[in-house]
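Asks: Each chain, written out:
6 protein chains.
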Amino acid sequence: MRAVSFERGISKHAEGSCLVKFGDTHVLCTASLEEKVPGWLRNTGKGWVTAEYGMLPRSTGDRMRREAASGKQGGRTLEIQRLIGRSLRSVVDLQALGELQITVDCDVIQADGGTRTAAITGGFVALHDCLSWMQARQMISIEKVLKDHVAAISCGICDGTPVLDLDYAEDSAAETDANFVMTGMGGIVEIQGTAEGAPFSEEEFSALLSLAKQGVQRLVDLQKMAVS
Amino acid sequence: MRAVSFERGISKHAEGSCLVKFGDTHVLCTASLEEKVPGWLRNTGKGWVTAEYGMLPRSTGDRMRREAASGKQGGRTLEIQRLIGRSLRSVVDLQALGELQITVDCDVIQADGGTRTAAITGGFVALHDCLSWMQARQMISIEKVLKDHVAAISCGICDGTPVLDLDYAEDSAAETDANFVMTGMGGIVEIQGTAEGAPFSEEEFSALLSLAKQGVQRLVDLQKMAVS
Amino acid sequence: MRAVSFERGISKHAEGSCLVKFGDTHVLCTASLEEKVPGWLRNTGKGWVTAEYGMLPRSTGDRMRREAASGKQGGRTLEIQRLIGRSLRSVVDLQALGELQITVDCDVIQADGGTRTAAITGGFVALHDCLSWMQARQMISIEKVLKDHVAAISCGICDGTPVLDLDYAEDSAAETDANFVMTGMGGIVEIQGTAEGAPFSEEEFSALLSLAKQGVQRLVDLQKMAVS
Amino acid sequence: MRAVSFERGISKHAEGSCLVKFGDTHVLCTASLEEKVPGWLRNTGKGWVTAEYGMLPRSTGDRMRREAASGKQGGRTLEIQRLIGRSLRSVVDLQALGELQITVDCDVIQADGGTRTAAITGGFVALHDCLSWMQARQMISIEKVLKDHVAAISCGICDGTPVLDLDYAEDSAAETDANFVMTGMGGIVEIQGTAEGAPFSEEEFSALLSLAKQGVQRLVDLQKMAVS
Amino acid sequence: MRAVSFERGISKHAEGSCLVKFGDTHVLCTASLEEKVPGWLRNTGKGWVTAEYGMLPRSTGDRMRREAASGKQGGRTLEIQRLIGRSLRSVVDLQALGELQITVDCDVIQADGGTRTAAITGGFVALHDCLSWMQARQMISIEKVLKDHVAAISCGICDGTPVLDLDYAEDSAAETDANFVMTGMGGIVEIQGTAEGAPFSEEEFSALLSLAKQGVQRLVDLQKMAVS
Amino acid sequence: MRAVSFERGISKHAEGSCLVKFGDTHVLCTASLEEKVPGWLRNTGKGWVTAEYGMLPRSTGDRMRREAASGKQGGRTLEIQRLIGRSLRSVVDLQALGELQITVDCDVIQADGGTRTAAITGGFVALHDCLSWMQARQMISIEKVLKDHVAAISCGICDGTPVLDLDYAEDSAAETDANFVMTGMGGIVEIQGTAEGAPFSEEEFSALLSLAKQGVQRLVDLQKMAVS
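Line order of the protein sequences matches chains A, B, C, D, E and F. Under the working numbering, the final residue of the first sequence carries the number 228; numbering is consecutive throughout. Under the working numbering, the final residue of the second sequence carries the number 228; numbering is consecutive throughout. Under the working numbering, the final residue of the third sequence carries the number 228; numbering is consecutive throughout. Under the working numbering, the final residue of the fourth sequence carries the number 228; numbering is consecutive throughout. Under the working numbering, the final residue of the fifth sequence carries the number 228; numbering is consecutive throughout. Under the working numbering, the final residue of the sixth sequence carries the number 228; numbering is consecutive throughout.
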């Protein structure tokens, strides 16, 4: 696993923020508290946690077209931000949050593989700090709202060997690529596995899952050190 | 598993077509052969297989807004059509296809859960028939282009019990929901598992995977009967 | 005139539905009841009937681009769905309907000329069945809401001879092409005539109109048999 | 019929231009010559004539939203500009024009009913003057390219009486409303008739057509005076 | 400075209107009164003045693409309409206007340089006449709402010489190009200066500013003659 | 003037990059070299320098809507990125650059007033480093391509006193607000002055310009220290 770090409080404005680094992958996460909720939650007393994801045009080896200029978010972007939102919601008690919305923006400053797993893992820290900010103002009890930690890691099979936390070069070479989102207590929140070339076997998948469990456990330990 | 049927040749125009039914979920799949390929494949001698997905506005219990009218395809739509495309490409030798493109359109006529798995499973039949059409015109050898069967099934845990091929009511009630795409030889192409409520355990996931293997095997048998 | 058939009740979800076939032209029509009305009708006690039209990408000889993917509905689509809506409203008493909206979706599954006339003719059946559904629930009196039948047919002049209900090959070859929408009592609701090549004369137009009257009468008879 | 006037040469830049007035309806028409043709005509030696239509936001009684700001042209706009294009092409020999494109822009400065018929009638004058400009430069022979005159008029039935060239107030009150596009030699190019309230009869329609023939004849006479 | 004229009352519908000409640059300005205000002003008692700008496709030497057809307003359009709005608001007491909105539409009929300065200068006249219309209906006191005149002029340096009110040819040749918006009392509202080629000096800029002051003074005199 | 710093080489991928800080305003600038040029420059031997600008959603006090999600770049964004591009091009010899394009992306990580001036000033450093990168590969001679330094500063009048480099609080309170772009040799590239409240006088404007000259001189000194 690559060196992982969390730099908290890097935004003057956001209620919670974190610059997360998984090696050369750097994602800026901010959590913004707003009083509005989506229409279907109005007057239910329940809140919402959602996420948006973007890549700066030159976060990648070749410059990508700016999504704001092309007039829409691509399928990959929408898929990733839906995943981040679901993952973060899996550890939040929306009833205890109350009728408020927290939007976690994950913007990739520099990409080197694993941007979605870094975004979930760092987004959790930004979310945590936003909830701390709210607790300091007697708006919520963080213990009741935040049920567990959540973190994510990618695994893949390169040259027949399972590898944890793929960088861009490994990711491009991997025959199989999977992302695992898990909680601090070891529960599985989301699994996405894709055969890039040949299909993979159940044994290979089990090896990845077992590797991922160790990886997420370490990420959760690092999160705990970061937020305590 | 619900009753599954494939009605082939239902389009006068398409090179391959299939109306697939998984219970009350009905998806119309057409495979269209075109001479163009995406830009990055031009002059490489390789072809492409891609998919598009849509739901008729009243395929669902409540009428949904028509995506053509709202001016964009939603994130769910993009996510599903990317999945269908990857799944079908996993069993195609793009080099053997030659510099041609096959687009598989999957339009949901009536939805009752499992539209993406029905689309992959029926889309395979449409793709197969398109390749047969091409073979009949000496354009390709279907044996070389189509390496295996591919089919997909959803599984979930409802009230603590693993269930195969969820309909809409079961899907809404499921604590955990996973989609599995596998080949005829049992290789795994894609796994997507999501905890709707509480996170799930490795054991629960294994139970789903094992159930899915049986389900896909049966779907592949039905595909073989349909296309032979 | 080509063989015309109406298959009712083909949607599990819609309040009214009909698969209409004019020869090889197949259009799936659903009528959806909703409690909302357009803004300008709010609090007037009057309802609304509207229509949307679409073609599946491979309903045609060559695959067309999916309108949802291209980000907008084309001019032809908008023109046709406005025509369908006006035609259906011509036989509905919107006051007697009450402040409710019925949307008739007409999706072309397979096209072989005359999709707009098939959509109007089959859309009427779906609308009728939606109103029956409402009457069965004591929401309206169908006699008061539905004032008459409405159906449509195309006519053209091919090689100097007036032809009824043009298929795609005839439509492409026709010098003049007109669509007629008429009621069961023989009133004219809409006429659209276009000279494809040379302008046409008043006599030619009269011949088409007279042919259309017979054609619509037969369609109305078939509608009556279908819904009784 | 309202007072009709054509003011030619009102644009410094356009190859042909005309400000047409039908009473208080004022439409600015410019014809622009370009060397490009649509893709499907490239290397065929044939040219193209097309039209675009727009309304200034305050050309109407209430200010309308600017279509450029709302991000798309509405269905009515697209329908009208397609009609103008077809009408003008009906009198042009595209082969004799050669591989060039003429775009006729019709922008409504002030609207008082009948903007589409004014646009066709004035657009013809702009087109004629563009062709004269080309003939003066030995690019074409106008006699070979322009086969006839074309003009358009609306008719309607108000309080049971057929009325020619409806203004906005008459149009709003009319039970039936039809637009007729005809050539100088009396050929019919396009007929669009719509029952606003109750359906209309064949006799009523004949009365409108006969009125329209006289109206178009007068418009063609005025065009001839204007361009000679 | 080119010949400048204001033709008032050229729109039958608008509360105020003016066709302004700066030489061959012709801009049609209408001022429309509406009862709605932007969301952030609701229930504040304050009104709003805003502007929209557009060019007819063939207002220029080469035909430009219609912004409504391309689906968005370009950066230049947005920049200009924001400038017009700010300029007009600089002389309006929004509190005295009351919770109403005036939209000034500036549509370029023919362009020959200086369209934005003509739009501001003519837009003022349309705005003035809209306010007169309101005063005639006892809605406001024009003296309280309209604090001063506002007009705009461009200046540039061509071949080393400062030139006032550049036409298109001069504008294309100018090394430096600046637009000045000033009030009747000589206050500066907006300055935009751009070096097209080499940077310019403070002295050059002073020369332009001094020229502009004279130009605006003359425009204000012409406005006063026009509206009195 | 606030503390200004340039952190170079902060992107692993970009040919040139710089994180510029003007107090609490932080802008990440990357310069990307591409082999394509805009259509109108193809086969001219000339290159192009362009810029894009964006703000992260929570770079501001309240979260803004993500432009990629809203489907278009706003007028302010387009206006600013056009200004950055013009400013950088003013010191580049496009002929000496050769037929290549450099895109400078300026993404605001945290905003506290003056984002456009920081973007120009930092964008210059990223551009410089991109050109150094090219010189190191014998692609160009930086001396020939880069003619001068360029930097920008805002000034305003707060409570009657001219103030340099406004932060957000000062900017909101300023009666007058102007941005100045100047070269290292003191030439003026761009001036944009706006009266927020009452119009300003020539004397006030002169005071701002004189202050800006000193400010830009200091920024250019800091740029020189940074890149040497």
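Please note that the accuracy of each hint is not assured.
To be verified - DSBU-like cross-link-like pairs, simulated, lysine-lysine; straight-line CA separation at most 35 angstroms:
1. E:Lys12 - E:Lys72
2. E:Lys46 - F:Lys72
3. E:Lys224 - D:Lys72
4. C:Lys72 - D:Lys144
5. A:Lys36 - D:Lys72
6. D:Lys72 - C:Lys46
7. C:Lys72 - D:Lys224
8. B:Lys46 - A:Lys72
9. F:Lys147 - F:Lys21
10. D:Lys21 - C:Lys147
11. E:Lys147 - E:Lys224
12. D:Lys213 - C:Lys21
Hints in this document: simulated from the structure, not taken from any laboratory.
Asks: Hints first: check each against the structure and report whether it holds.
Replies: Hint check results:
| no. | hint | verdict |
| --- | --- | --- |
| 1 | E:Lys12 - E:Lys72 | holds (29 angstroms) |
| 2 | E:Lys46 - F:Lys72 | holds (29 angstroms) |
| 3 | E:Lys224 - D:Lys72 | violated (39 angstroms) |
| 4 | C:Lys72 - D:Lys144 | violated (39 angstroms) |
| 5 | A:Lys36 - D:Lys72 | holds (30 angstroms) |
| 6 | D:Lys72 - C:Lys46 | holds (29 angstroms) |
| 7 | C:Lys72 - D:Lys224 | violated (41 angstroms) |
| 8 | B:Lys46 - A:Lys72 | holds (29 angstroms) |
| 9 | F:Lys147 - F:Lys21 | holds (25 angstroms) |
| 10 | D:Lys21 - C:Lys147 | violated (41 angstroms) |
| 11 | E:Lys147 - E:Lys224 | holds (14 angstroms) |
| 12 | D:Lys213 - C:Lys21 | violated (38 angstroms) |
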